[in-house]
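**Q** Read off the chains here:
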Amino acid sequence: MKTFSIGGIHPPESKLTASKAVENMPLPSEIVVSMSQHLGKPAKPLVKVGEEVKKGQRIGEADGFISAHVHAGTSGKVKSVKSVPHPGGNYSLSVIITTDGEDSWAEGLNTAPIDWKGLTKESIIEKIKDAGIVGMGGAGFPSSVKLSPPPDKTIDTIILNGAECEPFLTADHRVMVESAEEVIKGLEIITSLFQGKAKPFIGIEANKPDAIEAMQKAAKGTGIEIVSLETKYPQGAEKQLINAITGRTIEEGQLPFDKGCLVHNIGTAVAIYDAVCCNRPLVERVLTVSGMEISSARNIRAVIGTRFSSIAAFCGNMSEKTNQVITGGPMMGRSQFTLEVPVTKTTSGILFINNAALETSRERTCIRCGKCIDACPQSLEPWLLGNEAQFRRLDDAELYGLANCTECGSCTFVCPSKRELVHWIKYAKALVNNRKQRKTA
Amino acid sequence: MISEAFIPAVTSLGSLALILGIIIYFVSKKFYVAEDPMVTIINGILPGVNCGACAYPSCNQFAEELVRTKDTSMTCPVGGPDLAAKLGESLGIEMAEPKPITCSVICQGNSDNARASAEYVGIQDCWAAMQAFAGPKQCRHSCLGLGSCIAWCDFNAMRIENGLIVIDKELCTGCGACVPACPTGVLVMQEKKAERIFIACNSHDRGADTKRACDAGCTACQKCVKVCPEEAIVIENFVARIIQEKCTSCGECLEVCPSKVNCIVLEKDMVKSIKVS
Chain A
1 MKTFSIGGIH PPESKLTASK AVENMPLPSE IVVSMSQHLG KPAKPLVKVG EEVKKGQRIG
61 EADGFISAHV HAGTSGKVKS VKSVPHPGGN YSLSVIITTD GEDSWAEGLN TAPIDWKGLT
121 KESIIEKIKD AGIVGMGGAG FPSSVKLSPP PDKTIDTIIL NGAECEPFLT ADHRVMVESA
181 EEVIKGLEII TSLFQGKAKP FIGIEANKPD AIEAMQKAAK GTGIEIVSLE TKYPQGAEKQ
241 LINAITGRTI EEGQLPFDKG CLVHNIGTAV AIYDAVCCNR PLVERVLTVS GMEISSARNI
301 RAVIGTRFSS IAAFCGNMSE KTNQVITGGP MMGRSQFTLE VPVTKTTSGI LFINNAALET
361 SRERTCIRCG KCIDACPQSL EPWLLGNEAQ FRRLDDAELY GLANCTECGS CTFVCPSKRE
421 LVHWIKYAKA LVNNRKQRKT A
Chain B
1001 MISEAFIPAV TSLGSLALIL GIIIYFVSKK FYVAEDPMVT IINGILPGVN CGACAYPSCN
1061 QFAEELVRTK DTSMTCPVGG PDLAAKLGES LGIEMAEPKP ITCSVICQGN SDNARASAEY
1121 VGIQDCWAAM QAFAGPKQCR HSCLGLGSCI AWCDFNAMRI ENGLIVIDKE LCTGCGACVP
1181 ACPTGVLVMQ EKKAERIFIA CNSHDRGADT KRACDAGCTA CQKCVKVCPE EAIVIENFVA
1241 RIIQEKCTSC GECLEVCPSK VNCIVLEKDM VKSIKVS
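Those sequence lines, one after another, are chains A and B. Taking the numbering used here as reference, the numbering of the first sequence is continuous, increasing by one, and the terminal residue is 441. Taking the numbering used here as reference, the numbering of the second sequence is continuous, increasing by one, and the terminal residue is 1277.
Only pairs whose alpha carbons sit at most 25 Å apart, straight line, appear in this in silico DSS-like list of lysine-lysine:
1) B:Lys-1211 with A:Lys-82
2) B:Lys-1211 with A:Lys-79
3) A:Lys-2 with A:Lys-220
4) A:Lys-41 with A:Lys-127
5) B:Lys-1246 with B:Lys-1099
6) B:Lys-1193 with B:Lys-1226
Some chain A residues well away from chain B (every beta-carbon gap over 10 Å; in silico):
7) Glu-52
8) Lys-54
9) Asp-100
10) Glu-102
11) Glu-107
12) Lys-127
13) Gly-138
14) Asn-279
15) Gly-316
16) Ala-356
17) Asp-395
If you are wondering where the hints come from, they were derived from the structure by calculation, not from laboratory data. Keep in mind that this is a model prediction, so the values were computed, not measured. Even for Gly, the Cβ is constructed at its ideal location relative to N, Cα and C.
From just these sequences and the hints, can you work out the full model?
**A** Set out below in structure tokens:
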């Protein structure tokens, strides 16, 4: 079985919702569509207060090259356009829409599936751009940009990321089982953009045998290779996935296309199929609502912009013992300070957790045991980066590969001294950024 | 009686010391760096804290530059007018009088006034907290109260009190080292006045949001703008701002501010130089 060569950990899987079919979440009375659901510059809002919008209508225009369009998740009336809390841990300009319950599509969208084979490369990329598709695994890099690499780079490997190595999350798993056809078609569309020179793979962790089976069945005769990967965190990190499947290593400062690779998420492939064949912009996504403190953990398909509070209510409310709500997985996700934050294009899960360790765990000093070095998949020395951050020696931190850290959280997980290594690294990155900004200003 | 064992040790080390002493003597003659004695004198006058407020990395470099150029506009903001006079006296020139500056906190969001949004248990540092969310207080423009700036203050003038940064006016020299250390920008440098009125709120949120988050927030109600006889108050980006050049510290605005805790504050500065040990 294939896996990446350096580091990695085995956290408890806790895939509580692995066998639960995706349910459609009923429309909330109000949705909050954030203008920054992607990497890069926030979109510019196109609508004014009081305006009627239709489902799928473009309400945010991409601002610049690395940016993405934003669409209304349902039909209704714009209540306000203002800055509200965002699950990324900050505030962002958002369009708040009061839904009218009709859920009627804008003209020309959501059409019957067409055959994509007649479309040109340019028109496919244009459609993906118009649909506002971004990487749905977490980082949210605009897909149209990712699909048009510089002409001097040849792509020979296309990987669809079905590893879903984060504990608890099962959204991609359920999509692979339930919408195998769409995933395969999405991947075929991506592959066609490279004139058949690239070999498509789908990497799936071995703890999802039903997903592997479903994908193998659907991929029969398409030339797509389904790769079964060892269950190890962070198998689904871009660099580690490339290493596991192709054996290539992405060096510091390199991007996957420097090594001829392109990685997309399962959800992105489905979104690409929807956009190209059915003219459906990215307005909803599948996410996992899980954790020990929510009464009915499940996988849901929610409109982008649904507030966490409505999702918690739909899933039978959280218990009083909840002391942490996390978006994304427990390893890389972010704690939230309010349930008023909305689902964005990159929200792969919401976890309601009673983390008893929160009260008791206080950082102690490093005992130089070296566990973090063994665990680090990027072959860094996290304890050292942590120390440099703690004493604000930013130059040294940069020297020891600060920028190379993917913040996967393996080091924090294994640290017996309970050091918040990833937090220290993020802190150092923030200080380095601030210093750079001050220098240019 | 001296043991015979001492003799080789004493003679060898003694001769070694003699030879090295001769070498050092010649080297110090050969590589002698002529230093202007004036630089040493100026160095003695300067505070010697290397805070960087003069835009030079150290007091010594400031002294060298001053002696070299005799630029009368060069000022040490820390030392104030007294020091400028002394410098001028030593150099025989008329130095420009520096304007005494002090640091003010444009936030009153302590635990009583500002409402908390969530309990923060991570690394106790403002920049670290900003990685998790927009700070432990509901207002995201406020002083986060975790004290990242304290480490930057060379003069021990800052401390956290009741979840808010407090500046010791007697110790603050106005060097400005703390300003870039604040992620929300609640530290501002202002010219010292006997009575100085300013708006102690940094919230750029709309009035209703500000009011919900903090009792001492400026809601941009315009009352102070209307009452000011000097037209020294303007509203910028949902927060009032006092133009210090126009303000006469009459105090009319303090009367009308409708906030539960006045968002307009009056600070009394001691307009005299600070002694730096």
